[in-house]
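Assemble chain U onto chain E, guided by the hints.
In order, the protein sequence lines correspond to chains E and U. To convert, note that position 511 of the first sequence is 516 in the numbering used here; the numbers rise steadily by one, no gaps. To convert, note that position 423 of the second sequence is 428 in the numbering used here; the numbers rise steadily by one, no gaps.
For the record, the hints were derived by calculation from the structure and aren't laboratory data. Just so you know, not all the hints are guaranteed correct.
Said to hold, decoys possible - Straight-line distance between alpha carbons at most 30 Å, and here's what the computed DSSO-like set of lysine-lysine pairs gives: (1) E/K212 to E/K301; (2) U/K548 to E/K490; (3) E/K402 to U/K548; (4) E/K490 to U/K402; (5) E/K542 to U/K212.
There are 2 protein chains.
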Amino acid sequence: MSSQVDHFLPCFGWLRRYNGELLRSDAMAAVIVTIMLIPQSLAYALLAGLPPQVGLYASILPLVGYALFGSSNVLAVGPVAVVSLMTAAAVGQFAAVGTPEYLGAALVLALLSGLMLISLGLLRLGFLASLLSHPVISGFITASGILIAASQLKHIFGIEASGHTLLELAQSLVAHIGEANLPTLLIGGLATLFLFWVRAQLKPLLKRFGCSDRLADSFAKGGPVAAVIATILVVEFLSLDVAGVRVVGEIPKGLPPISIPGFDPELWRLLVPSAFLISIVGFVESVSVAQTLAAKRRERIQPNRELVGLGAANIVSAFSGGYPVTGGFARSVVNFDAGARTPLAGVLTAVGIGLTALLLTPLFHQLPKATLAATILVAVLSLVDLGAIKRTWVYSKKDFSAMLATILTVWFVGVEAGIIAGVSLSVVLFLARSARPHFARLGQVPGTHHFRNVKRHDVIASPSVLSLRIDESLYFANARWLEDKIYDMAVADPQVRHVVLNCAAVNEIDASALESLEALIERLEAAGVALHLAEVKGPVTDKLRRSESFCAHAGRLYLSHYDALSELDPATTRAADIGQRPNRSKAAMPLTLEQAQTLA
Amino acid sequence: MSSQVDHFLPCFGWLRRYNGELLRSDAMAAVIVTIMLIPQSLAYALLAGLPPQVGLYASILPLVGYALFGSSNVLAVGPVAVVSLMTAAAVGQFAAVGTPEYLGAALVLALLSGLMLISLGLLRLGFLASLLSHPVISGFITASGILIAASQLKHIFGIEASGHTLLELAQSLVAHIGEANLPTLLIGGLATLFLFWVRAQLKPLLKRFGCSDRLADSFAKGGPVAAVIATILVVEFLSLDVAGVRVVGEIPKGLPPISIPGFDPELWRLLVPSAFLISIVGFVESVSVAQTLAAKRRERIQPNRELVGLGAANIVSAFSGGYPVTGGFARSVVNFDAGARTPLAGVLTAVGIGLTALLLTPLFHQLPKATLAATILVAVLSLVDLGAIKRTWVYSKKDFSAMLATILTVWFVGVEAGIIAGVSLSVVLFLARSARPHFARLGQVPGTHHFRNVKRHDVIASPSVLSLRIDESLYFANARWLEDKIYDMAVADPQVRHVVLNCAAVNEIDASALESLEALIERLEAAGVALHLAEVKGPVTDKLRRSESFCAHAGRLYLSHYDALSELDPATTRAADIGQRPNRSKAAMPLTLEQAQTLA
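One chain only, chain E, in its complex shape (with noise of 0.2 Å):
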């Protein structure tokens, strides 16, 4: 019974034997995530094209939500920069930044987003996230912190400009320059410049003076905090607000509100493939980080329950003023090394912000936008990976093909676009493989029963059976390229009277493979050669019984492949069986040779 709750509401499992010291951990690792994750949270939904309040919105209940249901003790949840910069190109389709439609959109999105991660959580489909291969993932998430940092220059130029891929951004930047307010650009480029020094410097500077490594780090990532708080008081004494530096203005004070996603069943449909590429992409950040992390502490996660966790979270987020959340990166990594023992920790986060949502907003009005931009481009740089790039074309060409389609569709088409582009070419790559499979032609080594490649034993091959091994299952993709080779193989050599398939390695003939073989045994009948097949794997014969044409014209299904060269050849086999070679005549030769070249 325990166990049943356990498995719905994780929650219960760390309740039970939750004590006063885990909640000492626990609170610490709080504190400092909460202090990251203001300025974050603000920054997040300017970028995501929504009112700074609705950041804070979605850094609450949400990861309240996700404590309940997620199986992983450390992961930060609430707005990151890739789903943030994915809601923007989402809704931005459908409604313009600032109105009323672009904030419903957004809580649409996110409560699809809730519902789709939960179906999956529940029938068990996070296989379908495996489809992101590691290449794809890691181009997508470099090409987008590059493009989320080209969408913020504005903001540190004082400029007006838009677009969504990196051309149309480029060329808004240059129409615009010359608008640049120096004020606010002096504010941005400080603020990116020390928050630059904070990031590379600082700690190793603390350190030096005697600063213990754990104080050093959180000290660090106050670095925004600073930053917001310096520019709000710059802006406040020097009026810059008045000398044209945007500032975030006034913010509502208050807990979340309750809102309720409208329905709108056009919307709806129109934003479904939305929310599948925004819950993929954020399910496999999240697991990966949530994974990489359990693993040092010998804790594991549960894929499905993770999903579960974060479907909750969306769910929360979309009936609390918020929009679409995931585990942040480095926000996860900063509440492990701070000491977060329990989601609990997750759970005095959002009362932090909480308490800053109802507080401290006010404080916020002549916070520059310069400022949460700097905050953002220090931030996503971080997530730039060229040296994942390089790794990947030494590894392997194809999966660098991968990679870069990903990359150059994000900049200059979308990021949908890039992700389904990248996924699209993994699978094709992946397919072509299979769909032209390793085959060899068999020969007997002489003294036993066993059956080797020809081009690598020396085997003793029959002159008028052709042997053939293919290392592949029989499916669409490669069923009529093989009813092609082996009809040629066959046919090149007239002394050959049968094909014997053997189907050792072949764990499934799909119905197009079924079709290839028939209609191969059609066209080899015609040409006087019989095919059979041989070492066929149980399920595999079970599904051939269920077809009466393929049962009606096939040859026989031979156990071994030995039993088969027995009875279709017993003078070959016998003179093998005592290793002794026939004398080869002239045509049996050629064939082998030829094959050789066929099969090179």
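Showing chain U alone in chain E's frame:
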């Protein structure tokens, strides 16, 4: 030199050995195909939403284009039902039927389709067509046949109805059925009954009266022409056009015009996906009929040259006032049966249709559209193959689900969506299988150096070395799953110190699998277990060597599984070599049993 020319222009091959006897055969076939093609080309243009003469134009020069570059001796190219339906669906999104834009878009579609077919042929990408599995293409054609039949009912009833899905068509028909025109219904109904009777009964009847088989066949193929003549006469003499029977009307007299497809980049971009689907469907259809017919005469066709041939036909069509064409199934069978011996039969058919366009078009003025609809109705119902649906259901539920998804999507969403749904589902189902590959724990066969599955053979497994064999390439879809499975098995038994992965069946390790292997090595290392690989194939080893981080962390690469075991657990190996079973410790046994469950 001559073989070079033959390669690019296969027509030189057969022209060189052309003679009077071949000409007699080809001419006879051309006459019969022309008679069959006249009503079909008018009817399919109607189905595509185009003026009737466009059907004639698409049956003239495109046939010459194919004859120059194609490799089949009997394929009869021209407008076909399924491609006409797809053209209507594609072009209908961007222009209204009857407008010059509609006609212009059809030309662009033919041009794009031609360029794609030629590119696929030159790049030898015919493989892409094999992604269209037999069940998907067969389901697609059956579903399209029924959809086309439903779309023609409005002409038989003489009412206005529209819609691209079965549901829309049914609603529209029901809404307008009250406006049915009785004379039209009589003509359409009688023509349909007559054509069905001709198809089913005429040939046996004629043979009973002493006709030869071939003559009876030719008469039966003339059924549509007889219906056309009879209904033209009826409409003319009873002035039924005044009574509301819709007729084809004025068809411009003359040879095909020279048409230049307009270049509107936006329209081209929008039509690319449709052109791609039309190309692939048309190619698969053509190539399968061409292959079947070639095999009957022990001839061969080259799929990549077929792509070029069909591409040439479509480009010619775009520049001579036509629309997308491909090889027709019924038409090619007639061509074959009537004795066509070379592609010149197609050229002669083109001359026949050309003469029709030049001289006979005024005769079609009074041709009722209901007659053309009856021709289509009878022709497409022969495409419906319910037997294939049943056979697929019996043979494989997985193939059946892809087929059913195709059929339902064609009927209720759209033709293009149907193809995409079918292909996606069959690819995902295929990947799902290889994403959860079979793998086995191995033990040493006593007294030999062989290693076999512990579940199937009486073998000796080392208590400290876990031997695993994976029967699939390691790639993105199975990488993470295998990583978890192997980790769980290795840490389940505290006695295990080494894992040896037998890679004899691994043809590839892609970048995702490499990262998973690296992660696995790290996780196992943390648990005090080392990972080694055995029997890795040459090309795979070469690739692994390119990854520095893999080489730095992995255990050893052993040539044979026996080498690995004799080094890692010499005691058990020595005992097994002489057929001795070691005293199994209690800890070793439960692991094997547990694995039996894990693997079940």
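Going through the hints against the structure:
1. For the hint linking E/K212 to E/K301, the alpha-carbon distance of about 25 Å falls within 30 Å, and the restraint holds.
2. For the suggested pair U/K548 and E/K490, the alpha carbons sit about 28 Å apart, so the restraint of at most 30 Å is met.
3. At roughly 11 Å between alpha-carbon atoms, E/K402 and U/K548 fall within 30 Å of each other, so this suggested pair holds.
4. About 28 Å separates the Cα atoms of E/K490 and U/K402, which keeps this hinted pair within 30 Å; it holds.
5. A distance of roughly 50 Å separates the Cα atoms of E/K542 and U/K212; the hinted pair therefore is violated under the 30 Å criterion.
In this structure, only the earlier hint numbered 5 is contradicted, and the remaining ones agree with it.
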